[in-house]
Each structure stands twice: as C-alpha cells, then as structure tokens.
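Single-letter residue listing:
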Amino acid sequence: MNLREKLEEIKQNGLEEIRRAEDTKHINDVRVELLGKKGSITEVLRGMRDLSAEERPKVGSFANTIRDELTQAIAAKHAELEELKLAKRLESETIDVTLPATPVKTGTPHVLVQVIDEIEKLFLGMGFQVVDGPEIEEDHYNFEMLNLPQDHPARDMQDTFYITKQLLMRTQTSPVQARTMEVHDFSKGPLKMISPGKVYRRDTDDATHSHQFHQVEGLVIDKNITMGDLKGTLELIAKTVFGQQREIRLRPSYFPFTEPSVEVDVSCFKCGGKGCSVCKQTGWIEVLGAGMVHPNVLKMAGVDPEVYGGFAFGLGPDRFAMLKYGVDDIREFYLNDVRFLQQFAQKG
Amino acid sequence: MKVSTKWLNEYVPVADLEPLALAEKIERTAVEVASTGKLEDGLKKIVVGYTLDVKDHPNSDHLHICQVDIGEEEPSQIVCGAPNIKAGQKVIVALPNSRIAGNVKIKRGKMRGEVSEGMICALQELGFPESVVPKEFADGIYVLPEDAKPGEPVFGYLGMDETVIDLDITPNRGDLLSTRGAAHEIAAIYDREVTLPVPNVVESATDEIADHVTVSAPEELAKPYMMRVIKDVKVKESPMWLQTRLWNAGIRPLNNIVDVTNYILLDYGQPLHAFDLDKLGSKQVVVRLAKEGEVLVTLDGEERKLQLNDIVIAANDVPVALAGTMGGLDTEISDETTTVALEAAVFDGHRIRKTSRRENLHSEASMRFERGVDVSAVREALDAAAAMIAELGEGQVVKGVASVNEPETTPTKIKTSASHINKVLGTELTVEQIQAIFDRLGFETTVVADDLTVYVPTRRWDIAIEADLVEEVARIYGYDNLPTTLPAGQTTPGSYTPAQKLIRQARQTLEATGLDQAISYGLTTEEKAKRFALEEALPTNLDFPMSSEHTTVRMNLVSGLLDDLAYNAARKVNDVALYEQGRVFFRDEDQTRPREVEHIAGAVTGLVNEANWNTTKQEVDFFYLKGIVANLLHELGVTNETYQATAMPDMHPGRTAAIYAGETYLGFIGEVHPNTAKEYKLKQRVYVFELDLQKVIELPKEAKLYTPVSKYPSITRDIALAVSTAVTNQQIEDCIRKNGGAFLKDIKLFDVYQGEHIMDGFKSLAYTLVYSDPNATLQDEAVTKAFEKVQAKLVEEFKADIR
Chain L
20 MNLREKLEEI KQNGLEEIRR AEDTKHINDV RVELLGKKGS ITEVLRGMRD LSAEERPKVG
80 SFANTIRDEL TQAIAAKHAE LEELKLAKRL ESETIDVTLP ATPVKTGTPH VLVQVIDEIE
140 KLFLGMGFQV VDGPEIEEDH YNFEMLNLPQ DHPARDMQDT FYITKQLLMR TQTSPVQART
200 MEVHDFSKGP LKMISPGKVY RRDTDDATHS HQFHQVEGLV IDKNITMGDL KGTLELIAKT
260 VFGQQREIRL RPSYFPFTEP SVEVDVSCFK CGGKGCSVCK QTGWIEVLGA GMVHPNVLKM
320 AGVDPEVYGG FAFGLGPDRF AMLKYGVDDI REFYLNDVRF LQQFAQKG
Chain S
14 MKVSTKWLNE YVPVADLEPL ALAEKIERTA VEVASTGKLE DGLKKIVVGY TLDVKDHPNS
74 DHLHICQVDI GEEEPSQIVC GAPNIKAGQK VIVALPNSRI AGNVKIKRGK MRGEVSEGMI
134 CALQELGFPE SVVPKEFADG IYVLPEDAKP GEPVFGYLGM DETVIDLDIT PNRGDLLSTR
194 GAAHEIAAIY DREVTLPVPN VVESATDEIA DHVTVSAPEE LAKPYMMRVI KDVKVKESPM
254 WLQTRLWNAG IRPLNNIVDV TNYILLDYGQ PLHAFDLDKL GSKQVVVRLA KEGEVLVTLD
314 GEERKLQLND IVIAANDVPV ALAGTMGGLD TEISDETTTV ALEAAVFDGH RIRKTSRREN
374 LHSEASMRFE RGVDVSAVRE ALDAAAAMIA ELGEGQVVKG VASVNEPETT PTKIKTSASH
434 INKVLGTELT VEQIQAIFDR LGFETTVVAD DLTVYVPTRR WDIAIEADLV EEVARIYGYD
494 NLPTTLPAGQ TTPGSYTPAQ KLIRQARQTL EATGLDQAIS YGLTTEEKAK RFALEEALPT
554 NLDFPMSSEH TTVRMNLVSG LLDDLAYNAA RKVNDVALYE QGRVFFRDED QTRPREVEHI
614 AGAVTGLVNE ANWNTTKQEV DFFYLKGIVA NLLHELGVTN ETYQATAMPD MHPGRTAAIY
674 AGETYLGFIG EVHPNTAKEY KLKQRVYVFE LDLQKVIELP KEAKLYTPVS KYPSITRDIA
734 LAVSTAVTNQ QIEDCIRKNG GAFLKDIKLF DVYQGEHIMD GFKSLAYTLV YSDPNATLQD
794 EAVTKAFEKV QAKLVEEFKA DIR
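Residue numbers (my numbering), protein chains in the order written: chain L, 20 to 367; chain S, 14 to 816.
Be careful, since some hints might not be right.
Stated by the list, open to error - Chain S side only, calculated, beta carbon under 10 Å to chain L, not exhaustive: (1) W474; (2) P500; (3) T538; (4) D556; (5) H563; (6) L578; (7) E602; (8) D603; (9) N625.
No lab work stands behind these hints, which were simulated from the structure alone. Quick reminder that beta carbons are idealized off the backbone N, C-alpha and C, glycines included.
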C-alpha cells in the first residue's frame, strides 16, 4: 500500500469513526488519534522522507486536504454532539409551568383612598389644589362661616359631636374651604380647590350609617363662574368615577352655603338608565350635592360677592364606593377585614 | 307633607296629570318626593257589608258569627272576633280571595267549626298606620257611615282611592307644608292658574270678643298672636270627607273641633290651637316665657318640666299650652266643651325649635314654626277655621278678633337683572323670558331695560336675596336646559404640596412592601386613645358621645390597628399585615383644642408567607418589620436613622426600639406586650410601629447628587468576634465605621451566634468589611493596615475576642 492509499484508508476509517462518535469525549479521542502529534496522519507523513522530491509535495498536499476534511468533520460532529448534549440537559430541566408561583406580597390601598385618589388626580389635572384642614373644627368655620348660624334648622341635618361649645368634630370638609377662601389672594388668580378628608356625625352605626365617613368637597371662585361650569365639572366627576357613558341631572335642593342648591343624580351604571334594583327602577342614582356659593358665605370670608362668585360641590367617597362596588354595609370600610380590603387590589 | 291630588285639584287643575309624571316633575323642579300612591294600591275585593245578625260563637268566648249583607242575594256568614261588632253596622268585608295589607290573601275557611266567608276588617288591616286610626276603632273593626252601600268597594268611602304624593321638604321650603303652597308650586311648574276659596265668617251681631277673651304677647315671642271665640258648639265626630283628608295626610281624626284646626294646618300651613275657653279660668290669655319650676301636662299625658326659654300660653298665670308645640291636657277640647278659644299665631321659630328638640316633641305645629309660616295668611286661616268650626259644630263665631303684634305683610322687594341671572347661570335668557318665569311663580315684576324689580309675596318667605331669585329662575327654566361648560379664566397649577407628596409616597412604599391600608375609627375609648402615644399629652373627649366605644379622639394609630387585628382574629384570619396613615390628636395643658399630627403606623402578625411547595413558611418577626420601616424611612429620604432599645408601656420590655433620625425622635417599633395583646384577644405575637410623619416631613432633606461608580475593584475582609451580650451591633458598627478609614465603604453583619463554644453572657458576631477607592486600585497593605486598626479598637473598646 502506498502512502496515498494509506491516507485514503485513514480518511475512510476516520470518517467512519467520527460518524460513530457518541459524545464529546469520544470525538476528542478521535481527534487526538487522527490529528494529534502521535496521530495516524502524522505517522503516515513520517514516511514522506522516502518519497521522491517530485512526489513529496503532491502527497503532502493530499495529506493536508485529508487533514482539513477530517478536521471539519470532527468540528461538525463536535458541534452536533454539543447541541445534543444541551438539548438533553434542557429536556432534563423541564418543569411543570402550572405549578403555583412563588408568592410575592404587596399591599392594597384602601378602597376609599382609591376613590379619593381618582378624584384628586382628575382635579389636579384641572389646576385645582388639594387642601387639608383640621378634623377638629371650630363651630365658627364648620357652621357659621357657611351660613349656618346657631339654631338654624339645617343644623339638624348634621348632628354633631361637640367637644366644647365652640369645638367639634367637623361634620363636613367645607370648613377647609372657608379657611382657604379667607386667606386666598384673588389678585394672583382664581381659587380652585378640593378638600378631601374624614368627617364625623353623631349617628348610630349600622349598615347605612357611620359616625365616621369621608367627603371630598370642591370649590371654584372667580369672576365669571357659571352654573353651566358647575354642570360640566360634575359631569366630569361622574364620567371619571362611574364610566364615560354616564350622564347627570340636577334637581333642586337646599344647602345653607349654596344658592341655587342642587342634588346631582348620575344615570345608573348598572342598567344604563333602564331601571334596576341599584337605581330603584328610576334609572338615576343620587350621588352628590352642589350649588352656586351663597353670597353670605363669600361675604363672611371677606370676598366681594358683587365681583366674585363660584360653585361648590360635596361628595361622599363611602357612598361612591358602596355604589360602584356594591358594598352593602358601610361599616366594612372601617373594620378592616383583610379579606375585604384585598378585594380592591385590582387597579382600574 | 302628604298632599292629596284630589284636594290639590280643587285649587289647581291636576286631574289630567299622570300621578307619577307629576311626582317626577315636582322632584325635578321643587323638592324630593318620598312616595306616590293610593292607600288602595295592592288591595282587592274589599267591600261594604251590612251586619244583619250577630250571634256569639258556640265554641268560643269571644268570636261572633255574623250574617252579612254583601250586596248579593244571600247574606254571607263571617266569623269575627272584634269586641265592637254589632248587628246593624256597615262594616269592611274582605271577601274570599281578596287581598288585604301586606299582600295577605283572605280565603274562605272554618273557624272553630263555623264557616267564614272572608273577614270583617279593621282599618289597620287595610294598611292604615296605627297613628291615624280614630281612637274608638283602634282596638276593633271600623264602622262605615250608614249610607255606605253593601257590596260596593270600600275604597271610595275611606278616601283610599285618592293619590297621595309625599313631599320630602327641605328646610327652606316650609311653604310646601300646606296644600295651598303645593298648589302655588304646581301652578308655577305647569304654568297654570290657582283658584283658592276665601273664607266667609258669619259673626254674632252682638257678642263681642272682648267680653270673652283678651290677649297679650311680647312681639319677640309671637308676631302676631290672635284669638277668635266660637260659642255654643257641639263636639262630635267629623264628617267622613274631613276624616279622610286628615288620615290621608297622616293625622288621626279626633273630633270636629280639633279636626278643623288640623285641616286648616294642612290647608294653609298655619298651626292653630283650640282651647276649651271655660277651662282657661281667666279671660286674659298671656303669651310669655316659662318661669323657673313651672310644669305642664301636655295633651299626650306627659308632664313637662318647663325651662326659662320655653314660650308658654298662660291663663291665670298658669301655663295652659307649650306654645307652637303642644297644648295642655287641662284645657283640651272634650265632648263637654261648648266655647272654643281658637288661637292662630306665629311664634319665634328658634325658641320653638329648642323646646321641641329638648322635649323630643316634633309636632306638625312645631315643624311649621321652625320652618316659618306665611304671616299674611294668619288671619285668613283663623277665619277659615272659625267658620268651619261654627258650621260643623253648629255654633256661632263671636264678633271680632283678639289680636296683638300684627305684622306688615307687604311683598319683599328684590332687585335683579337679566344680565346678572345670565352671568350666574351661563344662560342667554331675555328679560321677557325671566319675567314670564316670575309671572308663573306669582311674583309681580317691574322691568326697566335689563333690570327687574321683583315683589315676592310673603307666602315665599324663603326668598330674600337676589341669589334666591336666580334659583327660582334656574329651576323653573329647568336645570336640564343649562349649558354644560368648564371654568375658563386664568389657569392655575394643580399639584400636591411637598408634605402631601411625602404622605402619598409613604403609603405607596408600605403597600409595595406588603402592608394593606386600613382606615380605623378616629374616635375610640380614652384608654385606647392614650396608649402607645409618641408624645406626653392630654386626651380630648367628646361632650356627649353616642357610644362608650367612641368617646375620645385617638392619640395613636397602633391601638386602632390592634382593634383591626382583633376583628380579623375573631374571624379566623390570622395572617395580617396592615398599615394606617392618619391624624392623631395631642392636647397640651391649658388648651381645649388638640394639635393634629399626621402619623403612620403598621401592625403585623402571623405569617408573611405560608409554606408553599417550593418555599418554607415565613413568620413575621421584629426584623421583618424593621426592614419594612427602614425601607420606608429611606424612601422618604431619612438616611441617618438609629434604633435604640427602649421600654414603654404595653410593649415587650426586651423587644422594643425607639427610632431616631439623628437627635429627632420619630417613633417606635417592637413587639406588643403579651398582656396587652391578650386584652385585644390576640393570641399570636404582634409587631407594630408608629412614626410621626410630620417630623419626617420637617426633617432637612439632602439634595440628591450623583456619585461616580468606582471603576476599581473593592476588597473585602471578614472579621468574627465574641463580645458580651450587652454590646449592641450598633455600637460595634459605629466603632468600625469610626475607625475604618477613608476606604471603608460598607459593613455587613453575616452571622450572629450564641451557644455552644461561646461563653455564657457572650455572643459571636461576624462582619464583612468592604473597602474601595473610587480613584485608584486599592493596595492590599493599605486595607490590611486599616483593618488591623479596627480590630485593635474593637478589642480596646469592647474587650472583643477576635476569632
């Protein structure tokens, strides 16, 4: 057998060996065996010194071709085996993706705060300030500045927790408006504010009454504010809280601090106005009170009612949440059963 | 105010209006409507019967067997247990298969062996409230007038076929507490004419009032005060039409005299009171304030201890009535009364309100005096009542009226303009349109160009200023017709204040770390209010609390959260992590008004996570909560906080820390004392914290500045040391930090050990110290030198055994 034939044989056997290799160690052994310093090709090439000067380069070149072919075959096989190995590993790593997740714990904002936040965002976007005020108020700000003098029959509408003759738990957040109006510098622009917060009434707690609840009251005072502006603003609140399809209607009412005063109904978000148990078959749900600020209220705060006017509204986040989520017992909001609180984890 | 549409129709045409549509229109234009309906709604097959024969039931000591003519050929046999059943009565019969009140079906049946073809009914069984049923029929069946025809439905005889609209009157619309007032309102809403009957009093030609009674009253108590006298009256039952009017309005018929006063009250809104003149004991009737120690037994039999501000009617210097609220028992109209002194007055509403509130005596009269009455209709109402009493009681009206303090009754003149009304409403109404609206309301107007002068009649005493006129225009024009716009004008920025931002950020941070937001009651018991307080202060108590659970404003948030935990525990919810953000109230010595401070607090108990298939359960502990608090403080910009072991009531003596930012005390964290937990019926360990958010808000905040990230590798050194258990981690860390050199970047405690191989009273702590130089590669020798210095200091300061 001449060298050429030997090389040819090495190649054939080598390729066969590569084909049969089952793992990367095996293919490595094959590589050393064929191409290593003591490998068979090297061995064969050692016999080259016996060749003629004419033959030598030809055989050399032939040997190189075979070496390259084998190298390539080994590399290809190696890659194939690596691929196979990885596929096996990945297969062995298969998990049941339906197993329960590792728990991640986050808390839930209180549903009433969510309602208030939503209203705050709406009004911040419209250039209103959010103003906080004391929960323990003076009779002066809670009632008198709001056109509710002593012995006014409308005080019966708001039975009050008194601390002293002059101090009380605020029954509404409107005293914050009286305080803000008093100090607002109208030369710097209109007053646009909302005052959210806790209020208290002398009530016995039951499913529909709570001695503690929340209010968000709004106030706009400027030179050219109309009742149409109030209507537009109320419509925005209704759409923001209860959905874009909602409509509102105003009905006459009475509050000592506004004139005209209106109750505001929103078209029923359950039935869309056709009539259902939520709206008591009327298609409408009473959601808030509002009106044009009474001139006496402006005067008492030192604002000239001949020049300035505006509107005010007041709404109850507790009532909103009860309506929106179908909560049928107001006490749930203040007893804090976590199974209740966590139901409102879903945003939007 | 329950208004009958049949009665209304006598004053303004409403018969053509669908009752529900009318009610809706009233709601949209005037006041809310509580209900609309007829008493007969839901009832059927209830007819007039005539008792031909009544016998005792052989098997019963109280039942009767009645043969009743129900308009059929044969009489029906009906068993009846009423004590007042007699032969020869017209009665109410519920036929077999009829429906009576409460949707109850009446069937043919047998009672103790005797067939009963239906039931003879009391008014209550037809749905009449107990409070309107005439007293003589209160405990038995009702007897219809003799002219009722057997077999005819009873509803017409009893006025049950009249539609009654129940108006929910707002405090300003006292004018709608009368049928006449309601008629004016409906006339304005529908633009219709009102026709009101005018009374015609026929007076005695000779008998003068002055011979019977004189009156006196201070103007501030009664303005006016008037009396008429009707003599030779016969007190008896009122005619059926009058009784039905009263009970449809919710008032019990009594006798022809009292019924007339109530009828006129419903008609005019003017409260009246009838005295038995002979029982007054004096011809001089005096209106005055009550005197110290006076008592009066009112019509309801209650003895009232009068107070100095009560207005009373006195005769012979003895109170005979609580003015405007309730009459006295001693001078009431009885069957024997022959001379009636009829009072019509307008009493001071403030005083009436105080008296009625104190005595919890809210009568039809007091309700109207509190809301106001039409001063110009007092005399007409008095005349109408006198004429009616004379007619129904077959008596005679004495000549003249005893009267004092008669007021001016001119209309109120208010100026406005079309431009003002349009400016407030956002409308473009013409002066003619506006004038037309006032016409509908019955307000006279004069117009000069854009300006209107409006003359408001005294029957609308709620209208006093221009804004009131704007409201009248708005509601009659229709709120639906107003434009829908948004406030224009100068723009203003809308943003939270820094304090509001921080508070909201605090909430979000705690929610992100797994705490649910709670809102507890701000009012609690004094004991709970005072617990866990961050400041020395006095409690603030309510004057008249509603319940012993809510007497005092809270001075901490933790005790409310413990209430919440207890509520959950009682419902078998044992893993709870809550926080609350809100106000607490600290009252300083010599102050009545407390300071209000924003706090934030948390309470955790049970498990953070239950054991899962791939995780073990994690219980809450001090350090879990400390992590939440530390994260919160860092998010809020506090970087220098320290925790110092402290003792405070209601907290675990060995597991409570005071939290400081530098020198500022922010609050505490720790485990609730087991005895306190037990008080709240909490069996598990509970960890709580409370922080003064106001102080966090006020802390100086460092401006955020960029620090370059070091490009050079850091070097770490570990150190383990045994020290006395009295030495705190804080002390060691402080020592390391103080002596660590310029390149010490971080200290991390990675092991704490106490037990075997460590002497009693000692503990082993192991720290990793991280060194880095932002500007160069650190030299090993430099680190070693710094590290050795730290080691030496630890040995020196704490006698640490470096291991």
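Outcome of the hint check:
no. : hint : in the structure
1   : W474 : 13 Å, violated
2   : P500 : 5 Å, holds
3   : T538 : 14 Å, violated
4   : D556 : 4 Å, holds
5   : H563 : 6 Å, holds
6   : L578 : 9 Å, holds
7   : E602 : 16 Å, violated
8   : D603 : 14 Å, violated
9   : N625 : 6 Å, holds
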